[in-house]
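Based on the sequences and whatever the hints tell you, model everything.
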Amino acid sequence: MTPHHSSLDDRQIMTALKEGRSELLAVLFERYHVRLFNFLYRLTGDRMTSEDLVQEVFFRILRSCHTYKGRSRFTVWMYTIARNIHIDHLRRNKSDLPLEEVHQPPPCEGPLPDDHLEMEEDKSLLMKALSLLPARKRELIILSRFQYLDYRSIARLYGVKISLIKVTVYRGIQDLKKIFQQLKEGAT
Amino acid sequence: MTCQDTRELFLGFLHNELSPRQRRRVDHHLAECPACNQELQDISEMWTRLGVFPEVRPSRDLRKRFYQRLETIVQTPAPVPAPDGKGWRKWIPRLSPSPVVQLIPLALLVIAGFGMGLLTTGVLAPGGAMRSMQREMVQMKQLLAGSLLQQQSPSYRIMGANQSANISRLDPTLIQILSDTLNGDANVNVRLATVDAIYRHRRHPQIRQLAAESLGKQTSPLVQISLIELLSDLPGEQSRQALRDLSQREDVHPQARESARQALNRLEGLVSGDSRHL
Numbered sequence: 001m002t003p004h005h006s007s008l009d010d011r012q013i014m015t016a017l018k019e020g021r022s023e024l025l026a027v028l029f030e031r032y033h034v035r036l037f038n039f040l041y042r043l044t045g046d047r048m049t050s051e052d053l054v055q056e057v058f059f060r061i062l063r064s065c066h067t068y069k070g071r072s073r074f075t076v077w078m079y080t081i082a083r084n085i086h087i088d089h090l091r092r093n094k095s096d097l098p099l100e101e102v103h104q105p106p107p108c109e110g111p112l113p114d115d116h117l118e119m120e121e122d123k124s125l126l127m128k129a130l131s132l133l134p135a136r137k138r139e140l141i142i143l144s145r146f147q148y149l150d151y152r153s154i155a156r157l158y159g160v161k162i163s164l165i166k167v168t169v170y171r172g173i174q175d176l177k178k179i180f181q182q183l184k185e186g187a188t
Numbered sequence: 189m190t191c192q193d194t195r196e197l198f199l200g201f202l203h204n205e206l207s208p209r210q211r212r213r214v215d216h217h218l219a220e221c222p223a224c225n226q227e228l229q230d231i232s233e234m235w236t237r238l239g240v241f242p243e244v245r246p247s248r249d250l251r252k253r254f255y256q257r258l259e260t261i262v263q264t265p266a267p268v269p270a271p272d273g274k275g276w277r278k279w280i281p282r283l284s285p286s287p288v289v290q291l292i293p294l295a296l297l298v299i300a301g302f303g304m305g306l307l308t309t310g311v312l313a314p315g316g317a318m319r320s321m322q323r324e325m326v327q328m329k330q331l332l333a334g335s336l337l338q339q340q341s342p343s344y345r346i347m348g349a350n351q352s353a354n355i356s357r358l359d360p361t362l363i364q365i366l367s368d369t370l371n372g373d374a375n376v377n378v379r380l381a382t383v384d385a386i387y388r389h390r391r392h393p394q395i396r397q398l399a400a401e402s403l404g405k406q407t408s409p410l411v412q413i414s415l416i417e418l419l420s421d422l423p424g425e426q427s428r429q430a431l432r433d434l435s436q437r438e439d440v441h442p443q444a445r446e447s448a449r450q451a452l453n454r455l456e457g458l459v460s461g462d463s464r465h466l
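Line by line, the protein sequences are chains A and B. So the first sequence is numbered by this note's numbering: it starts at 1 and just counts up by one. So the second sequence is numbered by this note's numbering: it starts at 189 and just counts up by one.
Watch out, some of these pointers could steer you wrong.
Short, incomplete list of chain A residues facing chain B, as computed with Cβ under 10 Å [claimed, not checked]:
1. D10
2. R42
3. S50
4. C65
5. Y68
6. F74
7. V76
8. D88
9. R91
10. I141
11. R145
12. Y158
13. V167
14. Y170
15. L176
16. L183
Label-pair ranges, simulated between beta-carbon atoms [said to hold, decoys possible]:
17. B/N354 with A/K18: 25 to 35 Å
18. A/V160 with B/N354: 26 to 36 Å
19. A/G70 with B/Q256: 41 to 51 Å
20. A/G70 with B/H203: 26 to 36 Å
21. A/G20 with B/D359: 29 to 39 Å
Among the chain B residues that face chain A by a calculated CB cut under 8 Å, a handful are [unchecked claim]:
22. E220
23. M234
24. I346
Derived by calculation from the structure, the hints in this document are not laboratory data. Given the structure is predicted, the values throughout are model-derived calculations rather than measurements. Just so you know, even glycine gets a beta-carbon here, dropped at the ideal spot from N, CA and C.
This is the structure:
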């Protein structure tokens, strides 16, 4: 066993997985599970579902490691798997999952300052607005705003030009703003 | 440049990714178009607003379930691939798994062998012998967990921490190893897994003391918050003192400080609630 596996880069780990060193999947898990969980949680809005899907992503990485050719960044390949698993999940459940109210602030015993309350209310309306966007726009906003993937990587992930990704994200933000305003007006 | 052309460059504009020529054209358009100025402000505000969602931590259960499943896979021998005709020496690494991978089946064999030994020698009888065998099995699990916790690979140390969580009673040696790992392991994920592991044993006096003493030694806010969660479940002056000390330290991350303050308030609320009932 070579020491310091955590210093291996993603491609080296993928090579080791192909050679049957399944235990090194743990290094990828430690590196990416929180990031993947957040990606899937923001897509589904459901903690338990997202945790199940994160597990599925890692074990599909293990099963499909032979298909990774190393031509693109590992994270691009990993998000392709995560997207496919999310799509499979939506198909299994027939429709898009509604976001549950987990993003609501936890019940608080004492009174909150007004601005804090407003901020929490905005946060939950924004999350709801995000859930009402079409799936692709939602995915793209999440990938670019929260997952720290650059536009070049996102374009590779979708197999389209960078300019198209930027325009779609821009339009997604425009739509998000409209939905958010409507929800806010409805709430007041 | 039309309004539509300009607006489609807004994301690049916000991220400072435009070429100098594109940037000049956008600036020029913005100087003359109040509507696009407003639109840019709105998009920028929405983008910033999205930043209010903090990163969410998955539950402790995710890591536990992942390692349980991985452990099953690691223990299952992989199917032997067809030879590629480049000589038998290529097979040697496959026949020499790591010391830890060898250790797991070995430990299981020892446990099974011990049970078989008791059966064949007739020692195994209802009552005392069964209890003795259970005790030996717990000891074997403790040995395995301790050994994994001292491996060089963080993934094995995490496996060791998870293994410790599944042991019904911890012996002093394993507690010492867990203590060394929690206070001295360089890897944050290993320390987090150790907090998860000791959570199950939090009522043990030594673990309670370990958690309280370790809080002040941690530098990672994630580990601090995890320990705070654990201590908030352990009423007592020891926990309150550790939380009080951390909540007053200026060098601690504000989120960890705030979590300590909230946990302390909850525990102090419990104390005053108790005294009201007296």
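Each hint tested on the structure:
1. D10: 15 Å, violated
2. R42: 7 Å, holds
3. S50: OK, holds: A/S50 within 10 Å of chain B, min 7 Å.
4. C65: 12 Å, violated
5. Y68: 17 Å, violated
6. F74: At 17 Å from the nearest chain B Cβ, A/F74 fails the 10 Å test, so the hint is violated.
7. V76: 19 Å, violated
8. D88: Violated - the Cβ of A/D88 stays beyond 10 Å from chain B, reaching only about 19 Å at its closest.
9. R91: 23 Å, violated
10. I141: Given a least distance of 7 Å, the restraint on A/I141 holds.
11. R145: At 5 Å from the nearest chain B Cβ, A/R145 passes the 10 Å test, so the hint holds.
12. Y158: 16 Å, violated
13. V167: Holds - the Cβ of A/V167 comes within 10 Å of chain B, reaching about 5 Å at its closest.
14. Y170: This hint holds: A/Y170 lies near chain B, its Cβ roughly 5 Å from the closest one there, short of 10 Å.
15. L176: Status holds, d = 6 Å.
16. L183: Since the shortest Cβ distance to chain B is 13 Å, the answer is violated.
17. B/N354 with A/K18: 25 to 35 Å: 31 Å, holds
18. A/V160 with B/N354: 26 to 36 Å: 47 Å, violated
19. A/G70 with B/Q256: 41 to 51 Å: Cβ of A/G70 to Cβ of B/Q256: about 30 Å, so the range 41 to 51 Å is violated.
20. A/G70 with B/H203: 26 to 36 Å: Taking Cβ atoms as reference, A/G70 and B/H203 lie about 28 Å apart, which means the hint holds.
21. A/G20 with B/D359: 29 to 39 Å: Given range 29 to 39 Å: holds, Cβ gap about 35 Å.
22. E220: Constraint on B/E220 not satisfied, violated at 21 Å.
23. M234: 5 Å, holds
24. I346: 7 Å, holds
Of the hints listed earlier, those the structure fails to meet are numbers 1, 4, 5, 6, 7, 8, 9, 12, 16, 18, 19 and 22, in rising order.
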